[in-house]
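**Q** Using the sequences and the hints given, assemble the complete structure.
Residue numbers (the working numbering), protein chains in the order written: chain R, 92 to 247; chain W, 812 to 1284.
What you were told as hints is all true, and nothing was included just to trick you.
Some chain R residues judged to face chain W by a derived CB distance under 7 Å, without partners named:
hint	residue
1	143
2	146
3	198
4	199
Derived CB-CB ranges, DEER-like:
hint	chain 1	residue 1	chain 2	residue 2	range
5	R	167	W	1026	54 to 62 Å
6	W	1078	R	108	31 to 39 Å
7	W	1065	R	162	52 to 60 Å
8	R	162	W	933	33 to 41 Å
These are computed hints drawn from the structure, not numbers from a lab. From the three backbone atoms N, C-alpha and C, an ideal C-beta is built for every residue, glycine too.
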Amino acid sequence: MNQPKARCLILACGNTLRSDDGVGPWLAEWAENRFRSEPDVRVVSRQQWTPELAEEIARTHSVLFIDCSVESAPGSVSLIPVHPAAATQGLATHHLGAPELLALSRELYDSRPLNAQLLTIGAGSTELGEEFSDSVTAALPEACRLIEEIVLQWLG
Amino acid sequence: MSQTITIDPVTRLEGHGKITIQLNGQGEVEDAHFHVTQVRGFERFSEGRPYYEMPSLMARICGICPVSHLIASAKACEAIMSVRIPHTAAQLRRMLNLAQMVQSHALSFFHLSSPDLLLGMESDPKARNIFGVLAARPDLGRAGIGLRRFGQHIIELLANKRIHPGWVVPGGVTEPLSAAHRDEILAMLPEAYANLGLALTAYKQIAGTFKQEIEVFANFPSNYMGLINEDESIEFTDGAARLIDPQGAIIEDGITASKYTEVIGEAVEPYSYTKFAYYKPLGYPQGSYRVGPLARLNIVKSMGTPLAEKELVEFKQLAAGPVQSSFHYHHARLIEALYGIEKIEQILADPRILDKHVRAIAGVNRLEGAGQAEAPRGTLMHHYKVDENGLITWANLVIATGQNNNAMNKGVLQSAKAYVKDGKFTEGALNRVEAVIRTFDPCLSCSSHAFGQMPLVLTLVSADGEVVDQLVR
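**A** Written out as structure tokens, the structure is:
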């Protein structure tokens, strides 16, 4: 917890071996390249979000979560605010959702990011494979545009 | 009419499993089994692959203890290559394995077991999770996360990845340690010591309130096995295995990886995909034994580091001989984590730790090789056979959870007899039966060579096989 706070944390998750589930890591890699020269942007990509990431959130002013969604229409891109909400039952130790991570960070570190948003891309397929479905491939430019827009907005 | 209780899936474990408890016509517990219900088959699908791919392939068995698989696998490959790895490579691997042990023990203690220990076995199941712990003891929550970060970050600094690093290879490691990374690890040590001290103090304050659980949580005489150094101190990466009997007398010493097939057999039971390891000269099940933190502390004479040594002396006062209750796995786990931090500090003080020579090169010089290392949960053995081109023709893995399988089943039976009365069980009873399994911190993904988390179903079955009741989580 000795590192200085970054102004923006991009926190992606997904499995690159499960087709569209890998869109989070793909966008994280894109963001890492896009903001490579920007020291106030930190990008973390994980297969799953685990409790330890609460500490990462506590080190930032704004956090952008990126994940695929199996509940949204394939290829649909959505950006919504996230609010802390603690899970009470069936809480997994290996993976948490964005609201639970925010809650954990608040409980442990009194962390209250100024901004917290969740960007999701509707998955067309999560079968074994390393290629995206056509609908997710078509949605990538819009997802990248939204990431760029929100991060630049947060950086002021 | 007899009945069966099923706990399916068992929660807060690594993998998928269930528990069934068989009741007799009087409603008394007659038998109990812990079933591992997943199967993976890594041994089979590695056939035909080049031996040098095995460490990376085998590490995929588990996301918690991939480092142990990497090391045991690399050592099996080195037996095939007939090479001795450079000193610095051995030290760096040792540090990697200890870092994994610290983060895995932190996961077991803080995330999986502390809800039971800190909030109580009978506490509200809706709040009996890591969030409940954080609300009750945020300092311990932060300590747990800090210790996990400590171990994971060392793995990342050494091997460039937290999970499934490819840095450990047959012959050594791919990259030496840099001075900058050494200094970064050194800078993390004070916080790690403080976090571990907090956990040990908290555990000792509450352990006394679990007298009944200590009595019935797999509390019976058994054999114990683990790796040990020639000076009888604890060892995680090298050394040879020692097996002791329930009184602490040495049954067999110097069990090297190449010798394990002579002394370790694996039995199969119809209710589980996980095998049941046993010491061949004693037969099955008499030759069953326990591995992991409790076993390691029972077989050693010293820890070899000052702070952990003091804790070992205190730990050994829990019993005249080997400490038998599996409840004490929790305590042993924290002592080992303390040892891990101290040993990492010692390794970093090695004047050769930054040496650039970290890999030996060789080809196939033998057609068979075995390697062993201590995983967080216990001794791990990899054994391969190859053809003249180095392609795997046969592989066998002896996993810690398989070696604890008999003790886990006996422990489930013991606790079920204590907590299931007149054919009835409460949520607290169910949780205690599960908690017995958690003391062992089994990794079912490893033991069945499976992916996933472990929820739990408890089923009550009558004497004629009818499911009378079921609790599902």
